[in-house]
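Protein chains in written order, with this note's numbering: chain A, 2 to 116; chain B, 42 to 154.
Please note: incorrect hints may appear among the correct ones.
[As the list claims (entries may be wrong)] Computed Cβ-Cβ distance ranges for the label pairs, DEER-style:
1. 50(B) <-> 108(A): 45 to 51 Å
2. 42(A) <-> 48(B): 16 to 22 Å
3. 10(A) <-> 56(B): 41 to 47 Å
4. 78(A) <-> 61(B): 40 to 46 Å
5. 67(A) <-> 71(B): 28 to 34 Å
6. 118(B) <-> 67(A): 40 to 46 Å
7. 121(B) <-> 78(A): 43 to 49 Å
8. 50(B) <-> 70(A): 26 to 32 Å
9. 81(A) <-> 56(B): 46 to 52 Å
10. 70(A) <-> 154(B): 26 to 32 Å
[Claimed, not checked] According to the in silico footprint, chain B covers these stretches of chain A (three or more CB under 8 Å from chain B):
11. 38-47
12. 106-113
Note that these hints are calculated values from the structure, not bench results. Given the structure is predicted, the values throughout are model-derived calculations rather than measurements. For each residue, glycine too, the CB sits at the ideal point set by N, CA and C.
Next come the chains, spelled out residue by residue.
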Amino acid sequence: AQSVSQHNHHVILSEAASLELGCNYSYGGTVNLFWYVQYPGQHLQLLLKYFSGDPLVKGIKGFEAEFIKSKFSFNLRKPSVQWSDTAEYFCAVNAYTGTASKLTFGTGTRLQVTL
Amino acid sequence: KAGVTQTPRYLIKTRGQQVTLSCSPISGHRSVSWYQQTPGQGLQFLFEYFSETQRNKGNFPGRFSGRQFSNSRSEMNVSTLELGDSALYLCASSLGLGSDTQYFGPGTRLTVL
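When you get a sec, could you build the whole thing from the sequences and use the hints?
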């Protein structure tokens, strides 16, 4: 069975600081990788995704993530965070079998950006 | 396009009762998945439906069940509610190709007293 680990549970940054959130997954087959964000009081929104091709993917609001297959990692980055980035971030893996799909989520990282 | 909608948004039930939650997917999406979100366990997969058939199931007791209708709308039912069933229940829809992106609804907040 697949699993996802997010190493940082709570991160506090000042505005304009750089962000990197770690995500590692465990699964031997083909995976699709996602980062979702949950802003306070809002529903889960897709931030970015990786299916194949260029391992560096860009998402909304200046976020990007790099898929490193040899390390089973999919870390999220942003060069300069804003106060509005305060939210909970979830890494997810879809280890699809060709038909059925199932997202396995990490435990989430709560990001707090201070002014 | 309208997003995934879930009704009701909030529910309060007592132990032993049963509850039915509803989800309407994005137009054209044929797959609906359900997840449970709690502070302790995080986001956990319940089940996935495609073309009215359950295609995948998570590790939840048989009290949790679901179904999907011909218009792709889905319902989830929890019988004999327990305190531990208090959670945010999220529905997600996708095209149903197996490897595509899931889009989430706002969730139904269930409180069991």
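Verification of the supplied hints:
1. 50(B) <-> 108(A): 45 to 51 Å: Violated - the Cβ-Cβ distance for residue 50(B) and residue 108(A), about 25 Å, lies outside 45 to 51 Å.
2. 42(A) <-> 48(B): 16 to 22 Å: At 18 Å between Cβs, range holds.
3. 10(A) <-> 56(B): 41 to 47 Å: With a Cβ separation near 31 Å, residue 10(A) and residue 56(B) fall outside 41 to 47 Å, so the hint is violated.
4. 78(A) <-> 61(B): 40 to 46 Å: holds, 42 Å
5. 67(A) <-> 71(B): 28 to 34 Å: Given about 32 Å between the Cβ atoms, the range holds.
6. 118(B) <-> 67(A): 40 to 46 Å: holds, 41 Å
7. 121(B) <-> 78(A): 43 to 49 Å: Holds, since residue 121(B) and residue 78(A) (Cβ atoms, about 46 Å apart) stay within the stated range.
8. 50(B) <-> 70(A): 26 to 32 Å: This hint is violated: roughly 40 Å between Cβ atoms.
9. 81(A) <-> 56(B): 46 to 52 Å: holds, 49 Å
10. 70(A) <-> 154(B): 26 to 32 Å: violated, 48 Å
11. 38-47: holds (count 5)
12. 106-113: Coverage by chain B holds for the stretch 106-113 of chain A (4 residues, Cβ < 8 Å).
When held up to the earlier numbered hints, the structure conflicts with 1, 3, 8 and 10 and fits the remainder.
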